[in-house]
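Same order as they appear, the protein sequences are chains A and B.
The opening position of the first sequence corresponds to residue 484 in my numbering, with each subsequent residue numbered one higher.
The opening position of the second sequence corresponds to residue 11 in my numbering, with each subsequent residue numbered one higher.
If a hint is listed, it holds; no wrong ones were tucked in.
Selected chain B positions facing chain A (Cβ under 7 angstroms, derived; list incomplete):
#, residue
1, 213
2, 284
3, 285
4, 286
5, 293
6, 298
7, 318
8, 328
9, 329
10, 337
11, 338
12, 367
13, 371
14, 381
These are computed hints drawn from the structure, not numbers from a lab.
Don't be surprised by glycine CBs; every beta carbon is placed ideally from N, CA and C.
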Amino acid sequence: MSRVHHTDPSQGLARLEVGSAPHLAPAASYTESVWTYIAVACLPLGAGLAVYGLGAARVVGLSTVAAVLTQRLIGAAQRQPGRAEFAHSAMVGLLLGLTLPAASPWYIPVAAGAIAVAIGKAAFGGIGHYFWHPAALGRVAVQVLFPEKLSPGLWAHGVNWPFLSRGHLLTGDLTRACTADHYIGWQETPAPPGCEAWLAPRPEQILRWLADGRTELAGGADHPLLAAIRDALPPWRDTALGLTGGGIGEGCAIALLVAAIYLMYRRHLRWQIVVGVLAAAAAAAAILPVRIPPAGSGDGSWLWLPALAWPEGLPAGPIYVLYHLTCGDLMLVACLLAGETVTTPITPRGQIIFALALGALTVFLRMYALPICAGYWALLAMNTIVPVIDRRTQPRVLGT
Amino acid sequence: VVEAGQPVAPNQLIARNQDQDGLPAHAPVAGTVVEIGQVDTADACDSPAITIAPDPVRRAEPQSLGPPLPDRPGLDELIDRLSAAGVINTVGNEPLGRQLARARRRPVDHVIVNSIESQPPLLAQQRQLAEQPTDALGAAEMIRHAIGAKRLWLTVSDTARDLVRTLQQCCRGCPARLVALAPKYPQESPVLLAHTLLGLALPPGQDVLEAGVLVLDVDTALAAGRAARTGQPYTHRVLTVGGDAAERPGCYLVAVGTSLADVCEHVGLRGPLRRVVVGGVMTGLAVPDLSTVVTRTTPAVLFLSQSWHGGPIACVRCGACIDHCPVGLAPASLLSAFELDQSDVSELYPEACIECGVCSLVCPSHLPLLLAAQRLKARAGERRPAEAASP
Numbered sequence: 484m485s486r487v488h489h490t491d492p493s494q495g496l497a498r499l500e501v502g503s504a505p506h507l508a509p510a511a512s513y514t515e516s517v518w519t520y521i522a523v524a525c526l527p528l529g530a531g532l533a534v535y536g537l538g539a540a541r542v543v544g545l546s547t548v549a550a551v552l553t554q555r556l557i558g559a560a561q562r563q564p565g566r567a568e569f570a571h572s573a574m575v576g577l578l579l580g581l582t583l584p585a586a587s588p589w590y591i592p593v594a595a596g597a598i599a600v601a602i603g604k605a606a607f608g609g610i611g612h613y614f615w616h617p618a619a620l621g622r623v624a625v626q627v628l629f630p631e632k633l634s635p636g637l638w639a640h641g642v643n644w645p646f647l648s649r650g651h652l653l654t655g656d657l658t659r660a661c662t663a664d665h666y667i668g669w670q671e672t673p674a675p676p677g678c679e680a681w682l683a684p685r686p687e688q689i690l691r692w693l694a695d696g697r698t699e700l701a702g703g704a705d706h707p708l709l710a711a712i713r714d715a716l717p718p719w720r721d722t723a724l725g726l727t728g729g730g731i732g733e734g735c736a737i738a739l740l741v742a743a744i745y746l747m748y749r750r751h752l753r754w755q756i757v758v759g760v761l762a763a764a765a766a767a768a769a770i771l772p773v774r775i776p777p778a779g780s781g782d783g784s785w786l787w788l789p790a791l792a793w794p795e796g797l798p799a800g801p802i803y804v805l806y807h808l809t810c811g812d813l814m815l816v817a818c819l820l821a822g823e824t825v826t827t828p829i830t831p832r833g834q835i836i837f838a839l840a841l842g843a844l845t846v847f848l849r850m851y852a853l854p855i856c857a858g859y860w861a862l863l864a865m866n867t868i869v870p871v872i873d874r875r876t877q878p879r880v881l882g883t
Numbered sequence: 011v012v013e014a015g016q017p018v019a020p021n022q023l024i025a026r027n028q029d030q031d032g033l034p035a036h037a038p039v040a041g042t043v044v045e046i047g048q049v050d051t052a053d054a055c056d057s058p059a060i061t062i063a064p065d066p067v068r069r070a071e072p073q074s075l076g077p078p079l080p081d082r083p084g085l086d087e088l089i090d091r092l093s094a095a096g097v098i099n100t101v102g103n104e105p106l107g108r109q110l111a112r113a114r115r116r117p118v119d120h121v122i123v124n125s126i127e128s129q130p131p132l133l134a135q136q137r138q139l140a141e142q143p144t145d146a147l148g149a150a151e152m153i154r155h156a157i158g159a160k161r162l163w164l165t166v167s168d169t170a171r172d173l174v175r176t177l178q179q180c181c182r183g184c185p186a187r188l189v190a191l192a193p194k195y196p197q198e199s200p201v202l203l204a205h206t207l208l209g210l211a212l213p214p215g216q217d218v219l220e221a222g223v224l225v226l227d228v229d230t231a232l233a234a235g236r237a238a239r240t241g242q243p244y245t246h247r248v249l250t251v252g253g254d255a256a257e258r259p260g261c262y263l264v265a266v267g268t269s270l271a272d273v274c275e276h277v278g279l280r281g282p283l284r285r286v287v288v289g290g291v292m293t294g295l296a297v298p299d300l301s302t303v304v305t306r307t308t309p310a311v312l313f314l315s316q317s318w319h320g321g322p323i324a325c326v327r328c329g330a331c332i333d334h335c336p337v338g339l340a341p342a343s344l345l346s347a348f349e350l351d352q353s354d355v356s357e358l359y360p361e362a363c364i365e366c367g368v369c370s371l372v373c374p375s376h377l378p379l380l381l382a383a384q385r386l387k388a389r390a391g392e393r394r395p396a397e398a399a400s401p
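This is chain A alone, in the form it adopts within the complex (with noise of 0.2 angstroms):
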């Protein structure tokens, strides 16, 4: 049998490609999602340049360029060029460099951006293949390699990290720093002459103490959530603007809320991730026990649902609750961190259950364990356990 043709093959048509279904123009790149989260990092990256100065832009830098470089010498020596992961190294570093301290010396931000591609990402495969975020992960080793540098005197009183004080916003220096006699919020208290920054510990640290139940907060008779948030946490206000020490992107949440709204919008992050965490962190910071000061010698006692506390009429237990979303490193893990696609359950289910525990975990680290970096090891801790809660949640099957 010889073949049929129905036409002349040599009629000068172009050679047709095959291909398979659909034949559509694909879904917008990941590369594409990648690129989305480093134009939103800058909005929590301007807000900390602000508030640290402008040399907080070399640890940034001097992280993501660490991370970039590391992944071309990767690069080269598997000989495999890919854009995407160069755009997701550059992405890991940002985002690495919104969680260090603005005075760190400049081998921390080169160490934790080299560890963070070279172990957290390109040991596992690179992209779609690790287990931990990366920038978490160069967080976190950064944390235990050099705690001396990055924080000085973990148990002890007296932790003091500097922010830029009224009328020195970003070009002010942060070595020129003393401490408030009396500190009454950043926009209220001018800075002595020749001090262009002021030093004082993390609100994160004085929820830590309050939970401790310090003898130094409790203001004689009065309440301790009260004398707290009346002697020692700064304004909420300044807390929400990111008017206090910490992490160059940790600060503004403000910032955070307004890049997690649009990466929302543009669907490069899950709504459940971000709800999720926060509810479940104001869930745990309502329920989970402060302890009250010994009134003589003792131990004290544990007050349970600190949120319903409503001393001498004014709200206290609620505004404290609302001091604990907006310190530390909870609204940088919920908004740009914990959405990271790779390490977190892959249905709408999974992410919940994740988001809840992961905002959960965060607190309790934060109020009886680590008063730095909690939001991170509970990230971590809780990526441990996708495939776990993968497993559990997989999407039922129609019919079945």
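Position chain B relative to chain A; hints supplied.
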């Protein structure tokens, strides 16, 4: 049946089926048999084929398969006629006569005639329903009566307002129930139609016919009606011709066996031709050359001037495929199971896949999710009869 050089009349039987899975072939035009050889179709290479040179001068009386059947034919009568006419149900690509014969073993409760084609740019079913609403309804009612089904459903796209209004008038006084559905892809999948209309959730891999639901498209119903009423075999098909490179896109009545080159010549081209697809944009097959012919199951031909190359990267576990899967599968898990060559994939239910291709479309890593699901489904399909035979 025929030999090279023999003259043929329209509708003349030119090939007989060798087994009950096959269908007879009839000449679409008057002409002379040139050659008995092979052609490529979109699904198969080297299909046996008979080439006929049309003879526009010769006036040959179109042949008929037999006298018209009564308005309400019996089931045996109808099956014989449909098998002789070579009518295939394009929903499931199975000869309609054989499907009706299966209905004898398993009673069919519902007949669904579907005109929804939600994957762009398919329109042929809706167009045929708009042009021949009473014929389509009459034929569907004939089939429903013959197999003793309780209810006849007619589904239309709710965006075709005029058509819905016309059909409301046609359906008055006839037992068909008209349902207007949002044409959200892949609504026209028989599994999802049964789910939407009847609330049936079929076990993965089960055929809708085994659940007592016969789904037909408009073209099949009309062909069955023609075969019964006038004894006309299946020789022509209404195709949607589209794509951005087609000069005059639209619905065309095309003889079965026409090559795509002839279709292309007829509709004209504008711009370069990069890809030719048999079927819709979501599920169609790209063919390597234009000598491919139109078959009884070809729904559409697309002439595209663009092509896309998204180099795949690793799965980033975004979950878009799971969100969008209409039957609730986890396509990403199916892909990794396929790549790892896992032996036991029964927990992932690959046989539930309706092969709609949405997962591949939404994947930001541009992974071949549809291909993996199809392969695993085919493998599961091979294993099932073997398992059934072993105990």
